[in-house]
Amino acid sequence: MTLTASDLRNLVLAALALAVCALLPFGGSGYWLGIGVTIVMFTALATSWALFSGPTHYISLATAAFFGVGTYVTGLGFEVLPFWSLIGIAGLIGAVLAALVGFATLRLSGVYFVIFTLGLAELVRQVITWGQNMTGQRGLYVLTDITEAGIYWWLLGLSAAVYLGGWLIGRSRLGFALRIIGDDETVAAHSGINTAFAKVMLFMVPGAVAAMTGAILAPRYVYIEPSLAFAPILSFQVVIMALLGGASRLWGPLVGVIPFTLLLESISSNFPNQTTLVLGVAFLVIVYFLPRGFVGLLEDARGGLRKRAGGMA
Amino acid sequence: MQRRPFLKLATALAVAGTIAGAASADTIRIGAVAPKTGGLAGGAAVTQWPTIALWVDQVNADGGLTVDGEKMMIELIEYDDQTNPGETIKAVQRLATQDEAHFIIAPYGTGLNLAAAPIFARYGYPQIAVSAITDQQPELSAQFPDMFFTLGTTSALAEDAVKILTDMREAGQLGNKIAMVNVADAFGIELATVARERFAEAGFELVYDTSYPLGTQDLSPVMKAAKAAEPDAFVAWSYPPDTFALTEQAIIEDLDVQAFYTAVATPFPAYGARFGAAANGNLGAGGVNPDSEAFQAYATAHQEVTGVAPDSWASATTYASLEILQQSIEAVGLDRAAVADHIRATTFETVLGPMSFANNNSNEAFWTVGQWQDGVYRGVAARGRDGAAEVQLKDGWGSDS
Numbered sequence: 001m002t003l004t005a006s007d008l009r010n011l012v013l014a015a016l017a018l019a020v021c022a023l024l025p026f027g028g029s030g031y032w033l034g035i036g037v038t039i040v041m042f043t044a045l046a047t048s049w050a051l052f053s054g055p056t057h058y059i060s061l062a063t064a065a066f067f068g069v070g071t072y073v074t075g076l077g078f079e080v081l082p083f084w085s086l087i088g089i090a091g092l093i094g095a096v097l098a099a100l101v102g103f104a105t106l107r108l109s110g111v112y113f114v115i116f117t118l119g120l121a122e123l124v125r126q127v128i129t130w131g132q133n134m135t136g137q138r139g140l141y142v143l144t145d146i147t148e149a150g151i152y153w154w155l156l157g158l159s160a161a162v163y164l165g166g167w168l169i170g171r172s173r174l175g176f177a178l179r180i181i182g183d184d185e186t187v188a189a190h191s192g193i194n195t196a197f198a199k200v201m202l203f204m205v206p207g208a209v210a211a212m213t214g215a216i217l218a219p220r221y222v223y224i225e226p227s228l229a230f231a232p233i234l235s236f237q238v239v240i241m242a243l244l245g246g247a248s249r250l251w252g253p254l255v256g257v258i259p260f261t262l263l264l265e266s267i268s269s270n271f272p273n274q275t276t277l278v279l280g281v282a283f284l285v286i287v288y289f290l291p292r293g294f295v296g297l298l299e300d301a302r303g304g305l306r307k308r309a310g311g312m313a
Numbered sequence: 001m002q003r004r005p006f007l008k009l010a011t012a013l014a015v016a017g018t019i020a021g022a023a024s025a026d027t028i029r030i031g032a033v034a035p036k037t038g039g040l041a042g043g044a045a046v047t048q049w050p051t052i053a054l055w056v057d058q059v060n061a062d063g064g065l066t067v068d069g070e071k072m073m074i075e076l077i078e079y080d081d082q083t084n085p086g087e088t089i090k091a092v093q094r095l096a097t098q099d100e101a102h103f104i105i106a107p108y109g110t111g112l113n114l115a116a117a118p119i120f121a122r123y124g125y126p127q128i129a130v131s132a133i134t135d136q137q138p139e140l141s142a143q144f145p146d147m148f149f150t151l152g153t154t155s156a157l158a159e160d161a162v163k164i165l166t167d168m169r170e171a172g173q174l175g176n177k178i179a180m181v182n183v184a185d186a187f188g189i190e191l192a193t194v195a196r197e198r199f200a201e202a203g204f205e206l207v208y209d210t211s212y213p214l215g216t217q218d219l220s221p222v223m224k225a226a227k228a229a230e231p232d233a234f235v236a237w238s239y240p241p242d243t244f245a246l247t248e249q250a251i252i253e254d255l256d257v258q259a260f261y262t263a264v265a266t267p268f269p270a271y272g273a274r275f276g277a278a279a280n281g282n283l284g285a286g287g288v289n290p291d292s293e294a295f296q297a298y299a300t301a302h303q304e305v306t307g308v309a310p311d312s313w314a315s316a317t318t319y320a321s322l323e324i325l326q327q328s329i330e331a332v333g334l335d336r337a338a339v340a341d342h343i344r345a346t347t348f349e350t351v352l353g354p355m356s357f358a359n360n361n362s363n364e365a366f367w368t369v370g371q372w373q374d375g376v377y378r379g380v381a382a383r384g385r386d387g388a389a390e391v392q393l394k395d396g397w398g399s400d401s
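Chains G and V, in that order, give the protein sequences.
Per this note's numbering, the very first residue in the first sequence carries number 1; after that it's consecutive.
Per this note's numbering, the very first residue in the second sequence carries number 1; after that it's consecutive.
Think of the hints as simulated: they come from the structure by calculation, not from any bench.
Some clues are possibly wrong.
[Claimed, not checked] DEER-style ranges, computed between Cβ atoms:
no., chain 1, residue 1, chain 2, residue 2, range
1, G, Leu123, V, Ala273, 35 to 45 Å
2, V, Thr27, G, Phe236, 31 to 41 Å
3, V, Glu248, G, Gly170, 56 to 66 Å
[As the list claims (entries may be wrong)] One-sided and incomplete, this derived list gives chain G residues near chain V with beta-carbon spacing under 7 Å:
no., residue
4, Phe26
5, Tyr31
6, Gly34
7, Thr129
8, Gln132
9, Tyr141
10, Leu143
11, Thr144
12, Asp145
13, Ala160
14, Val222
15, Tyr223
16, Ser269
17, Pro272
18, Thr275
[Unchecked claim] One side of the interface only, derived from the structure: several residues of chain G facing chain V at Cβ under 7 Å:
no., residue
19, Gly30
20, Asn133
21, Gly139
22, Trp167
23, Glu225
24, Leu228
25, Thr276
These numbers come from a predicted model, not from an experiment.
Beta carbons are placed, not taken as given, at the ideal position from N, Cα and C, and that holds for glycine.
Just need the whole structure built from these sequences, with the hints factored in.
See the structure below:
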């Protein structure tokens, strides 16, 4: 693998940005740290989601399923195992679950996949509820001394890993195969690409990342019960944020997550009685005026600048 | 042209900041976070929000809270957490750091209260939790020293319901056969687990014991199967929608039992209004003493100010939690640590009677079982509270008796 000068420059810039982000907990503002946790959480979720859904155009609504599984891994294991190992175990379980789901559904066309992933969160939730009902086990109390700053750094590290992974996949044979599948699956199959295998491999990434995110966030929620851990709204938020940013670029979801989180915060604090209503209207407006997401907006702006610069020269 | 969305966003955020900073010095800012949308919005609309509105109305009509000898009007800051713990965390954090609330009213629901607990603890806010019933008070109060519990424990709720049925059997009013169902969700499972052991210890025979998923719409198969088992008593560890649905089905099936128990939402005024005479004799979780003057004054004011009646369990406890907050602020001022110490050390006079938090930050005097008796929901079993009514036999479903 060879790195060009611009690759190196981008890597250095990304490392610098990461270092700056890691300083947030030292800013002393719990409020902005809380917003920061939300932003890095959705960055990890939406970016890993777009890694799969961007090239393949499969819309996955399974985020809540993997996320919930992750919270239960921490909830069940935090008293006997170190926290870092739980994150790893959650990632493994998430990847295996994604592989199983992928083998079952990714051979089918997109719409079956959407429905199945939506049902998956409910399925896993019912299985866990059934297990609790059989054993008479109550909701889980995750009482730890893990701080908000600790959770933030874990999530930041995970996001960095997602970016690095996404960048490497983009340069790999797998990434190339997926772009061909996204353009035309029949052509890809005729070119000798094992399309089902490639899709399953990639689907394991958002599965593992969402499970790890859930595992990291469990101590923040303190109390874990199925209706909260598997709330389907999470799956939709991730899709909305990724599409708002633009799923065609690695950095696309990030430029969706940041404005969306700030917008949500602004709406929640200014319209406490109509939050959901105003949010819905805001989303309609965004879709209408920004059909290509913020990525499209930024690229248009950059194109416009270039044109203007060209005109002056 | 294309920069406008960013500009709008920046403006909205700037406006938010200005509003937050604009509160004047002689008001006391009280924050409230609870569901206005989502799964728990229905319960919060009965139990949490109207009582908060009533309390703020009463205090401000009185000229405000007396802090260090001066009157301070309450400025209430409300947020909807959408029944989502992530939103609860954000809203409490916003109240603590952006709105600089002097005090924050505890959220609604066990999960949402516990999600908020680390934020309350970090910023030193006392958290007088109401709708957070648990058996984990020792562990939780050790982790969160300024978190208080008012509504009782899971075990007490289940044990006292079993005890009521045991007493009825000892008095020769009830046979030995119990049909028990529960909603397959955290609280329902916990209650059923405790009750199953206690029923066995008391020598009852569980002729029917099953669960149904959260959100089940059609409970007629459950009720048909329960009826086929020919029980002497029917017990459901249910949530609001299924409490109504099971009662509905029991009427349709004309379930012939001497005791009929449904859990959460049985004390809601809507339950009595919906079933009328058919509700007579129905047992439920929690209660109040409707004959106490303090409760009657509260219920009357609740009706006048908010236009709706309070429920006969957690509404009054929510009001008591606000009375405790008020009395503590008026005693020691705005220092939150001092207020928390005051709550720990004091016995308060509340709408429910005296209340204190000597052990594990927990109020140990609370109602556990109630019963609809001639259109009024009365407490029939309590820990440390006087005024429990005699339990009545369930006598049919009203239409043919």
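These are the hints, each one checked on the structure:
1. G:Leu123 / V:Ala273: 35 to 45 Å: 38 Å, holds
2. V:Thr27 / G:Phe236: 31 to 41 Å: 39 Å, holds
3. V:Glu248 / G:Gly170: 56 to 66 Å: 58 Å, holds
4. Phe26: 16 Å, violated
5. Tyr31: 4 Å, holds
6. Gly34: With a minimum Cβ separation of about 4 Å from chain V (threshold 7 Å), the hint on glycine 34 of chain G holds.
7. Thr129: Since chain V brings a Cβ to about 5 Å from threonine 129 of chain G, closer than 7 Å, the hint holds.
8. Gln132: Result: holds, 6 Å to nearest chain V Cβ.
9. Tyr141: 6 Å, holds
10. Leu143: 5 Å, holds
11. Thr144: Where the cut-off is 7 Å and the nearest Cβ of chain V is about 9 Å from threonine 144 of chain G, the hint is violated.
12. Asp145: 9 Å, violated
13. Ala160: With a minimum Cβ separation of about 22 Å from chain V (threshold 7 Å), the hint on alanine 160 of chain G is violated.
14. Val222: 4 Å, holds
15. Tyr223: 4 Å, holds
16. Ser269: Holds, because the Cβ-Cβ distance from serine 269 of chain G to chain V comes to roughly 5 Å (cut-off 7 Å).
17. Pro272: Holds: closest Cβ of chain V sits about 5 Å from proline 272 of chain G, inside 7 Å.
18. Thr275: 5 Å, holds
19. Gly30: 5 Å, holds
20. Asn133: 5 Å, holds
21. Gly139: Holds: closest Cβ of chain V sits about 4 Å from glycine 139 of chain G, inside 7 Å.
22. Trp167: At about 27 Å, which exceeds the 7 Å cut-off, the nearest Cβ of chain V leaves the hint on tryptophan 167 of chain G violated.
23. Glu225: With Cβ-Cβ at 4 Å, under 7 Å, it holds.
24. Leu228: 5 Å, holds
25. Thr276: This interface hint holds because 5 Å falls under the 7 Å limit.
Hint compliance for this structure: hints 4, 11, 12, 13 and 22 are broken, all remaining hints hold.
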